[in-house]
Structure formats: structure tokens, C-alpha cells
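J.: Line order of the protein sequences matches chains A and B.
Note that the first sequence ends on residue 653 in UniProt numbering; no numbers are left out.
Note that the second sequence ends on residue 653 in UniProt numbering; no numbers are left out.
Source of the hints: derived by calculation from the structure; they are not laboratory data.
Predicted model, so just to flag it, every value in this text is computed and none were measured.
Mixed in with the good hints there might be a few duds.
Note that identical chains are pooled: a pair holds if it fits in a single copy or bridges any two copies.
Simulated pairs of lysine to any residue, SDA-like, Cα-Cα distance not exceeding 25 Å [as the list claims (entries may be wrong)]: (1) Lys32 x Lys45; (2) Lys323 x Gln467; (3) Lys350 x Ser556; (4) Lys488 x Val473; (5) Lys488 x Trp443; (6) Lys447 x Asn152; (7) Lys21 x Lys488.
Protein chains: 2
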Amino acid sequence: MDSHCLQISMEAHKVVPPPRKSTLVKLRDRLKETFFPDDPLRQFKDQPWQRKLVLGAQYLFPVLQWSPNYSLSLFKSDIVSGLTIASLAIPQGISYAKLANLPPIVGLYSSFVPPLVYAVLGSSRDLAVGPVSIASLVMGSMLRQEVSPSGNSLLFLQLAFTSTFFAGLFQASLGILRLGFIIDFLSKAILIGFMAGAAIIVSLQQLQSLLGIRHFTKQMGLIPVMSSVFHNTHEWSWHTIAMGFCFLVLLLVARHVSMRKPKLFWVSAGAPLVSVIISTLLVFAMKGQNHGISIIGKLQQGLNPPSWNMLHFHGAHLGLVIKTGLITGILSLTEGIAVGRTFAALKNYKVDGNKEMMAIGFMNVVGSFTSCYVTTGAFSRSAVNHNAGAKTAVSNVVMSVTVMVTLLFLMPLFQYTPNVVLGAIIVTAVIGLIDIPAACNIWNIDKYDFIVMLTAFLGVIFISVQQGLALAVGLSIFKILLQVTRPKTVMLGNIPGTDIYRNLDHYKEAVKRPGFLILSIEAPINFANITYLNERILRWIEDYEEEEENIKQQSSLQFLVLEMSAVSNVDTSGVTLFKELKQSLEKKGVELVLVNPLAEVIEKLKRADEGNEFTRADNLYLTVGEAVASLSSAMKGSSSNMEEGTQAIVSHY
Amino acid sequence: MDSHCLQISMEAHKVVPPPRKSTLVKLRDRLKETFFPDDPLRQFKDQPWQRKLVLGAQYLFPVLQWSPNYSLSLFKSDIVSGLTIASLAIPQGISYAKLANLPPIVGLYSSFVPPLVYAVLGSSRDLAVGPVSIASLVMGSMLRQEVSPSGNSLLFLQLAFTSTFFAGLFQASLGILRLGFIIDFLSKAILIGFMAGAAIIVSLQQLQSLLGIRHFTKQMGLIPVMSSVFHNTHEWSWHTIAMGFCFLVLLLVARHVSMRKPKLFWVSAGAPLVSVIISTLLVFAMKGQNHGISIIGKLQQGLNPPSWNMLHFHGAHLGLVIKTGLITGILSLTEGIAVGRTFAALKNYKVDGNKEMMAIGFMNVVGSFTSCYVTTGAFSRSAVNHNAGAKTAVSNVVMSVTVMVTLLFLMPLFQYTPNVVLGAIIVTAVIGLIDIPAACNIWNIDKYDFIVMLTAFLGVIFISVQQGLALAVGLSIFKILLQVTRPKTVMLGNIPGTDIYRNLDHYKEAVKRPGFLILSIEAPINFANITYLNERILRWIEDYEEEEENIKQQSSLQFLVLEMSAVSNVDTSGVTLFKELKQSLEKKGVELVLVNPLAEVIEKLKRADEGNEFTRADNLYLTVGEAVASLSSAMKGSSSNMEEGTQAIVSHY
């Protein structure tokens, strides 16, 4: 029976090249995997053409999916949530517009049109659309590099709309060209570091309104802002500071309450509007503006004026505008997609990344025609929307209607709203972006990611938002390249009583097989790492031989077994590695054995190996176990190995 | 007995996290693998300090390794090879200097000092040091962008020496900082395409001297050169053309002969010098210069004048000079290292890449102090050197002495040498750089590499040398990133009669296991690919379920088995993938099972998985076989699966 067991496990299985595929077929598959991993057309498969038409329409306009079976009960919950986010959207809209150095009213415009567009095109049910802090900050700071918002406000406005247009164009084309994976390069680590940094930058900017300083630096960095704060102490207005402090406390408390009890979401949701109302009344009653409390001032009434005639596609600032569009576009896109995915996962429905990009992009293009600046799905507001029980995108419609009413009739009421309250609202909103526990978590899991995060954070605070980001992205790409240029090679050993071979450092019980050096290569083999792999493998052999000398082993190295299960690919440089290895091994009288080369790999090796040097049947095996078994039985070495060899196999049974 | 076999293979082996290592230890190991893969200090291990000193000196000055046992017989063969390469180096030196728009004599200077330096520092025995075509071409063309070599020849010369200095500095620091792997990014494919392109560019430049055109374009590209050739047909000098044609034929024949019979290496090696002598005599006899045959003209005599006072480290052109230094530096380095490795492999000795870089770099720095421009180990000349039987770097010394003699006494003889012959020599030299078979080979093995090669080739011809290179490098890095953002996921099946599981598309005999979806992921899981992997895996599941519906299978999916042997690493984003998968699978009532997570991976998963959701002992297995065995025995599904499950295992014995 033993012999029976033995015989079976000795008969090794052939490694065959995969079934032939034409280059075109391969190319098609590769392209499909690259651009259509989600296989969007699967639902159209074998359907009648009318059905296909309907499905197509629904694909383009998700509204058609849910509107047919929209019910009153759904509408009820959508109304509640819609009004809730409206009460949040109005003060935030005004505040974020100021953050972007734009007239406050633009913030309200941006909370009116885009939500309507999204309601038709968007596939997320919880996204609350509107301007967001980070995109506003970045747009403001980037445009301010070339044009002063106070000095030449019209041009500044035109540039803002134009960059919004480019942002939308960029987002939509990312979706259409199925290049959504580009935003994946803003990794979790980067985003956490970046958002924390941005939150700090944003809060620092608010010191102007919170302290009532009139002459404030135009720069963003930590140092310039701080110095300008403490060089203008004489401008600090104590009324403003007192007022700001009270409302900041009030808002933070509200936020804290809602965080403790999600049921009480409306506390933090309503707080901003309440504080706006109270503070406005206060200022109005006590003529605050005479006590040095700066107020918004007159705002014109009426709906979004058209702005397509304000778009600039030529002139000196085109470069800046495009750059701003790209960066704000990718930032707002990242936030929007992330929010969408988060809540989709919570409620267990799917949002199609590329479709979302088209929706958000188109929304911004339309926005740029109707006096809106960059908008997307905001984290904070969507959370409120979700807690308030939003069921469909109708809540966005409700919000935008409420904003419309405000624009038409309620604008005069904001005339006396003090800027200090807006500052307090922004600070409370962005403080949530600083996520300490997540940072600690990253430190625990992956130190390199932590460095990336830190780079993003410090880069944003001390250099600039876009450069900080670029630096962090560069670092994380460098890590990928480093993993490829310096792939791990580990020595495998036999786990006693089995024919399993595993990493010797990892599984302490694993034992070496005399005469065999078994290495597993853990990366694709290509131009970037052949030199390293060649050197490293030869060093493994030297170490092996040294060791043997030390322990006065007779049995010398006879087989170098390369376990290739983790080598997902080789390129033309990669195949030369095997030729060179083969040569240098022959000089040492060592045989090269390859185990489980994957489909593409064996294919390329066969093609490259005319001399049939390293892809002969007798040095290709399907598992290390089989390789060792059939080789040690054929081993010419001292009989002792022979016995050990077989004995180990027998012990398996 | 069966039951015995069965029982053993059923008892599964635990996946344990690897033995604890402190972050510092890990960091140290990582750094060592990155910067010291060849472990240069191993030879110093446990040696007495005097020995260590000797070894250290020998490490810095390889000359000390071979000089002690240098013999007369070695010297004999070195003399022969030395004289042979000298006869090649002198005409080539003059020609390449003209290629770089430098005075011809600089080419000879560069064949005198650097070889001496290399003989002391270099570790290759076959490298023949001197100026090379590509570096000369690139330096000439880049510097010409800002300074005209004819108009302001002194400044041009100064810039050339300065860029040589920077090239050397860059090369040496690459070696000292152990960043040698940077040159690996010039993959084989890129080099083949680039060299072919460069060869064509260089040959095109020679049309000026071959046709005797006086007013030639200053540009490099194919189109401008061709147009300038055919717009100046009236300048074509028929004497020149006739002469050029004859010598070109002569040289090509000689080259062909030596390629057929390596024994006759001296034919092609001597041919250039012979043609220089003949042509010079011809011109001198028939007063050729009066028939419109342009000649080199007067050359001053004497050895290299010092040039450190000519180095420019400030002023308008510093940027250009540094850029030129970097590019020529990396190009010449690549050629030098490649040549060194090639012949080291042939003769089976080792050249230490980083050490070579220091040697070449230092050689160029010294060169820049002594009126030499960028030099390195030349392909053609080293081949001749090797064939001529060079044994040590002494052949370089012999060559440099010969050049010295020429510089001291023979310069006047070159006065009447016609430029057309130099042109012919260059063309013959660079034609060898066009390697059609290698290109075909690349096409056969890897289509993407072929595209990269083509990019380099066309880029160099039509855009510019450096941009063509940059483009190609960018493409090949993009490929690496693409492989990471779109990793392969393949479905595994059981190879009948074994507990081996392999790719179903690859091994047609493999069969699916009912109730199991077994996927293998073939790349590290990180921020760049979690979104894709998530979508892709869910699609696998959908496909699986559809299929079952079609074939009216009762047994529904119960286990998703992820074979992770090829997942060399995860990062913080990577671990979230498993959390999300776990959640979405639970909704489908499918269990997530991980097989053979590698050391680093299981470590990070454990750390990230506080809830112990996806790293419980009962969903971690060492092999797919064991996972399937013990899970199907525990399977709650229809008894049929149960039987199949066990039956398959029994069939193994």
C-alpha cells in the first residue's frame, strides 16, 4: 500500500502551455479587464431590442429606474431629509463661497441647479450635492495666485466658472473613457493626511473672520497665516471674538450631541441655520456692524443668472484655469465617489463609479453655465441626509427647491449675518475631517502608508495643497515600483508529514531538503528587477554552500527549484534571467527547476527558449512536492539523500 | 489504510503569523535588500584586521587584485589587444569628437587619460574605454540647443567639459549611494529601440561629410536633415561622394569578414586606421582639398592641457549643462555596465555594478579636469579587445600609451585626413547598433515591450533623443502600474486524482468543485487595485451563480476561497478589501476563506482584524486542497456534495 501511495505521488503532472489565443483576442481581453471590469453590458445580454432600449435609457438616466415605483411614503421621508439638508446647505453654501473668495450668493446658486441635475443622472440615493470645503479652498487659493478676488472680482468670477467647466469636463471624460481607476491613486492614507491638513488650513483661514482682522495674508501656509494673525493683534475685535467663541461652542456642542446620538441628527443639522438666524437678529438689534462686527452686506435677489458668456477659453490665465479645473475636479470627484460608495455599502445597493463620474461631471458643466462653482456629494451633508432617512434623490430636489425659495424671497434677511458666524460654521464642518483613530490604525498596519499620510498632511500645511498631494501620490507610486524592483525571494522548506513547502522563516517547523535549494519569487519578473534577482539568487546559493561547508555536509547542492506561483508575468528582459541563471548554474553543476509557471509565463518562456534549455519537461513541475519527489528519486548524489528523499515521501502515508 | 491516508490529508495545517520582528529590524532588512542586495561586506566577515585592510584596498582599487600575479604571458596578449584597439580608438576618437561638435583632438585626449584611470579602478578585464557614439551624439545635440559650436567654440568646449564633470559626478554618486538599479529602468526593449534610432540619427548626420555639404541643418530629426540634404543638392561634391562610397564599401566588407570569422577580428579592427592612412595619402597626393574634399586641418600637438579652470558652475547655461550631464551620464553608464556584464558573463567573472559606476564616474570627473569629454566602455571596441585576447586592464594602458605617442608626434599626419572618411568610419561603427533579430524576438515574446521599443525608436528619430527615451521609460513604468491596478484573478479547479488546484483556463483537465468558488489573486493588494478587485470578485460570484441557474444546479455557492500565494503584500487600503468582501459575502450567505496568506500579509490582516472576522482559524488554510477537504466534510449542503467532496480525496489514494 505504501508503495502504492508512493508511486502515485511520484508520477508528476505535466506543465503544459495554455491553449493558444490569438494576439487580438488577448488584446481584447486585456482591454476589457482594464476598462470594463464591471462589465456594464452584461444586463443587455440576450434581451429583446425594446427591453434593450429601456435598459439603455435607465442606464443613462437612473431616475427612470426608481421614479416609476416612487410612492408617497418615500416622498414623506424625502421631504424631511430634504428640508434638513437645506437648513444645512444654505449657511454652508454661503460660507464655502466665501472660502473660495467668491460672492456668498454663488454658494446658494451652486446649491440650486446641480442638485436637480444630479437627481436625474446620479445613481446614489444618499448623496447630498453642493459645494464642499476642500474644493472651495483649493479653487480659491489656486486662482488667487494670479488674480486678486478683491481687486478684479469679475475676472476672478469668470476664472472660477471656467475652471468649474474644466473640472466637469475632466470628470465626465474620466467616466466616459472609463479611466475611473485614476482616482484610486488617492489612497486612503493620502486622503486621511490630506483632509486633516486641509481642515487645519481651512480653520486657519477662518481666524480672519473669527478675530475680525481686516488686513489678512493672502497666503495659505501655517506660518504666514500665524504671523499675520499675531502681527495684526491691534485689529482683533473683541466683540467679534466673543460672538465667534459663543457660536463656535454652541455648534461644537450640537455636533457632539449628534455624534453621540445619531437619532438627534437634527441638532447638528439645524444648529448652523439657528446660529445664523440668532446672530443676524443680534447684529440687527444691537447695530453690531458699528461695533466692528463685519457682516455679509447686501445680496441681490433672484435665481442663477446664465454664465456661459463668462467662460474664458483663451488669454493669459488659461493654463491656471485648466490646472485648477483638474485638481478641484479630481478632489471633488474623489469625495463624491467615496461618499457614494460608503452609503451604497451601508444600504447594500451598487453605485457604478464611471457612471457617477459622468453624472458629477455633467452636473458641473451645467453648473458652470448657470453661475455655479465646483460641486459634489459632501461628506457631512450626505451623512445628515442619510440619518434624516432620505430614500431617493428626491431629497436633493426638495433641498434645491428650498434654496430656490430662499434665493427668490429671503436674501435680504442675510444682509446682517455676521461673517464671524460663517467662520464658526466652517470650522465646525471641517473639524470632522481630522480622523486621529484612522491615523493610528494606519500606523499599526503599515508604517510606509503612515509616512505617505504624514507627507500629505505636512505637505498641505507647509507647502501647498496641490504640491502636498502630488508628493504623497509620488511616494505611494514609488512604493509600488520599489516592490517590483526589489521583489521578495524566500527559501521554502518541507512541512514534515506532508508534501507542502512553505517559507522557512515563517513556518518554523518546515525543514530543508538536502541537495535542494527551493526559492519562491514573489513578483512579476521584468526589466526592473532581473539584475537584482540574478544577484540575489546567486547569493542564496553562496549562502547555501557556505552553510554546508560549516556543517561539513557532503551532499552538495544539486537542484535550484524556483517556485513561480507568484510570478504573474515576465517580459522580454525577464526571460533572459532564466537563460543567465541556467548558464551560471551549469558552471556550478546545479540543475535549474521551475515549479508551476503560470499561463502567460510558461507561454513566453517556451517562445523565448528555442534551445529548449530551461523548459524541458524534466525541469518543469506542477508542485514543489512532485519536483522534489521525482528528482530526489533520480538523484545521483550520496545514497543518504536518496533514503531521506523517499523516506520523507513515505512518511506522508 | 485508505481511511488512514484520508485522515492525514483531512487534518489541516494551521496558518500562523510569522515570528515577531521589531519595526527596526524589518526596516534594516528592507534597506539592506534595497541597497546592498549583493552584500558587499560578506568577504570581510570574521577576518583579521590586516586582512580586512588589504581586502578594503583591493575593493577600492581592483588593480591590486590582479597586479601581484601579473605575468609576462599575460602582458604579451595585452600588448596585442592594446595595439589593436588603439588602431581603432584613434580614428574613432577623432570621428566621435566631430560627432559631438568638438575639436577632433579632444577625442584623442579622451582616449588617453580615462583608460589609465579605469585600469586602476575598473573591475572588468575586457572593457575598452573611450568616447562612444551615442553619448557624443546626445551631448553635441543637447549643447547645440543653446550654444553654437562654430560661433562660440570656446564656450561650447567649456560646457562640454562641465557636463562631463556632472556626468561623472552623477555616475559616481549613483554608485556610492547604491542606486545602481536606476539604470535598470532602461530595459532591453528600450535600449534596442533607442540604439537603432540613435544609429540612424548618427548616420544621417554623416550625410554632411559623406556628401560634402557645407551648409547643413543644425537639427537632428529625420525630416529636417533629409530636407536640408535635398535642398543643398548643388553643394554635393562628387569627389567626396566617390571617395566616401569607396571607403564605406571597404569598411563594411571588412566588418562583414570579421563578423563571419571572429578569428579575423583584426580585419575590421585595422580597417579604419588603414582607410584613414590611405585616404590621407590620397588627398595629400592629389591635393584633394582643392577638389572640394574637406579635410580635418591643422591639429595642435602635445598631451591633454588641464581644463579644470574651464568648468562653469554658474551662469545662464548651468541648467542645460546639468541636464546634459545627467542624460549622457546615464546613457554612457548603461552602455559601460552592459558591456562589462556581457563579457564578465562570457569569461565567468563578476563585475560589481555599483563599483563599476564609481570607476566610470571617477574616470569622467578626472577626464573633465584634463580636456576629455564623456567616456565609457564602448561596445564595438570592447568586443575587438575581447577577440584580440585581452587578459587584463593593461590593454587599456597599452592603448592609452599608443594614443599618447600619437598625440606627441603623429598629429601633423592627420592634417590632410578627409572628413568623409571619418563619416564612413562612424556609419560603419553605428550600423552594428541596429539589431533587427532582437527586435523580432521581442515581437515574438512580448507585444507590449515591442511597442515600448518602437516608441523609443520613433521618438528618437522624430522628436529627440532624450524625449524619445523619456517617453519609452514612461511607457514601461506605466505597464508596471497597470499590472498592479488590474491584477489577474483566475478561477482554480481541482486536477483529478490529486489535491492540486490550478487555473481552469490553463489546465483543461481541472474540474470545479460544487459549492466552491476558488480564485487566485496574482498581485499585491493595495490602494491602486482594491476597487477593481472588489468589483471583479463580485462579478466572478455573479457569473458563478448565473451558470448554476442555467444548469439548474441545486448546490449553491457556499465558500469563496481566495488563494493568496501570489499576494506578496497588502497595505492599509488592501486590508479594507477583505472587510468589505466579508460583508457583501455574508449578505449572500457565502463564507470567505483565505488560503496561504504570506508572512507579511497574514501579519497585517491579523493586526487590522480586531473583530477577528476573516482571520479565524476556520477560514485560514495552508493549501486549497486542505481547505476544500475539511470544508466540504463540514459542508451543510446537499449530501451529494459531501460524497463528491470526500470521494475526490479518496480517489487520491
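J.: The structure should be examined with respect to each hint, and the outcome stated for every one.
T.: Okay, the hints, checked on the actual structure:
Only within a single protomer do Lys32 and Lys45 lie at most 25 Å apart by alpha-carbon distance; the minimum there is 16 Å, versus 54 Å between protomers. Proximity of Lys323 and Gln467 under a CA criterion of 25 Å is satisfied in both settings, with 12 Å inside one chain copy and 23 Å between copies. Taking the shortest Cα distances, Lys350 and Ser556 sit within 25 Å of each other only across copies (23 Å), while inside one copy they are farther apart (59 Å). Taking identical chains as interchangeable, the C-alpha atoms of Lys488 and Val473 lie at most 25 Å apart whether they share a chain (24 Å) or sit on different chains (24 Å).
With identical chains, the CA atoms of Lys488 and Trp443 are at most 25 Å apart within one copy only, with a shortest distance of 23 Å there and 29 Å across copies. Taking the shortest alpha-carbon separations for Lys447 and Asn152, neither the intra-copy value of 47 Å nor the inter-copy value of 55 Å comes in at or below 25 Å. Within a single copy, Lys21 and Lys488 get their C-alpha atoms only as close as 31 Å, which misses the 25 Å cut-off; across copies the closest is 17 Å, which meets it.
This entry does not satisfy hint 6, going by the numbered hints stated previously; all others are met.
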